[in-house]
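*Asks:* In terms of the numbering used here, the sequence shown opens at residue 4 and continues consecutively.
Certain hints may be false.
Subject to a maximum C-alpha distance of 16 Å in a straight line, what follows is the list of computed EDC-like cross-link-like pairs (lysine to aspartate or glutamate) [claimed, not checked]:
| hint | residue 1 | residue 2 |
| --- | --- | --- |
| 1 | K162 | E108 |
| 2 | K162 | D114 |
| 3 | K162 | E259 |
| 4 | K509 | D151 |
| 5 | K509 | E525 |
| 6 | K162 | D122 |
| 7 | K434 | D409 |
| 8 | K162 | E98 |
Calculated directly from the structure, the hints in this document are not laboratory data.
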Amino acid sequence: MRITGKIAKTTAVVTAGALVLSACSANDSGSDGDNASNSAAITLAWDQEYDSYNNTTAGANSSKNAVINHAVTSGFWYFGEDGEVTPNTDLGTYELTSEDPQIVEYSINPDAVWSDGEDIDCADMMLWWAQQTGRYDFSTIGTGGIEDTVMPDCEIGDKDFALEYEVPYADWASNGPSNGNTTLMPAHVVAEQGGLTVEELVQAIRDEDNDALADAAEFFNEGWTVSGSLPDEELIPSSGPYKIAAYDAGQSLTLEPNENWWGEAPTTESIVYRWIAADEQTQALENLEVNIVRPQPSVDLKNQVDALSGVQVEVYDEYIYEHLDFNFDSSPFSDRDLREAFANCVPRQLIVDNLIKPIQPEAETMDVRNISPFDPGYEEAVAASGGDAYAEVDLDRSRELLEEADAVGQEVRLGFIADNPRRAQTAELIKDSCDEAGFDVQMNAEATFFDSDGGLSQNTYDVAMFAWSGSAEVSGWNSTYRSPEECTADGKGNNNGCYSNDELDKLLQDVLQEADTEAQLEIINEIETILWDDLVTIPLFSHPGLAAWSDNLENVQPNPAQTDIVWNMWEWSAQ
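Input sequences plus hints: build the corresponding full structure.
*Replies:* The structure is reproduced here in structure tokens:
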């Protein structure tokens, strides 16, 4: 058994892809009797079930989708080893060709095709651009500077495409289509399902004709949802080394090599995902039902995997942090005094001491949101923003604020994903403390909390508890705090609580355009100061990662960024 400490950060604090929800839960795992040690297949346990082939939308932006789509859809870059922004030269190449104006030119591999044989070309890039600008009715996680680009000038069939920024964008190298939540989606499928030809789709984009695009946008936003069964095979072509080959609702999903993949063939014949609750994964690994587990760690799980033989184990830093989000739209917490009262009763240090330190002894409360504790600038950001002001519980102050607001006994709907032991334990600690202060915390655990009709999307919570999974990149979190155009599941993007602040919007735009990392950190400190002053969210702790896998596997390596353990899955092999 091998246990390691931190994974070092190698990327700069610059702009790039968006955060994804780190949701940890599961359905019943079931069993198909297969032995996961078969050299032709590697089986990974995951604790929440896949529900969309299109995780580029606000409603489907979740790690449960990203870990599968990472090898099924392609972009020009991805988070590679140690979370570093890594060009995906299989899809093509890109380069900065002009600084004033700032122009980035992309060239798609001439051999690049969807698994159904259709070329990957200008039409796919135009659809991607239209979505990422936020000007159309395609749901998006966040625009990340693409809203400030000129409409590209390319023709259907072209393999070349350029982005010209009207406002310089600091990290152009990680702002084009990526493997993951800003990937290319198949324009020919969207066109057909929208009752258009590809030519008509592209022309409607050029004309900014949302009426003509209405059916196409509706399909783009909802048509790739997985509910009980996969969409028809022709609707989910692959542009990556694997394709989705089989799906058994509540049980498993299987990836097999894409026969039209033009790059190096993946090492393993199939990757199988098994939906297994976190507290059942260790037993599945010991029984050889799975080869790899990557559960959200708890003290019990850590002890269990440590006791296994024939297994490699790693505990490592991750760009994932647990937090509480206030609902500013339909909740008593639109009142800042009540937010302050709640912030004073949340036992942040007790949560870390009881639930995190037994796994990672050096763990501390996370006192800002947008710089990880293991990254440069963290301590400075805490000091500049006053992020440690709520480090200690102050039940007297909490109750005083409740009494002044005539709100003693205020009911609080604490929403979170069900079947997650550590999150349930965290909720219990919050309830015990805040109830003592004078709140009445109702623990609303939902199996569907992260679904498009679940509590987080529909704002049926007062305080939401979940984690963001990201990277060192600034634009990964930028859209989380931008004022939403409308407080709906598709309209709010990552800003789930629908918080709005014009001054903060300006700073969020400034930080995306600042190339100097020291100056960026100064802007981040201003952003964090506002977030604490307004008590938008309450950060709790940075997640330690825990992964374990059979020691006959090669090339399995955890990753601190949102590509997680699957970042190089096409290189996995069993000996």
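*Asks:* Check each numbered hint from earlier against the structure, then list the numbers of those it violates in ascending order.
*Replies:* Hints 3, 7 contradicted; others consistent.
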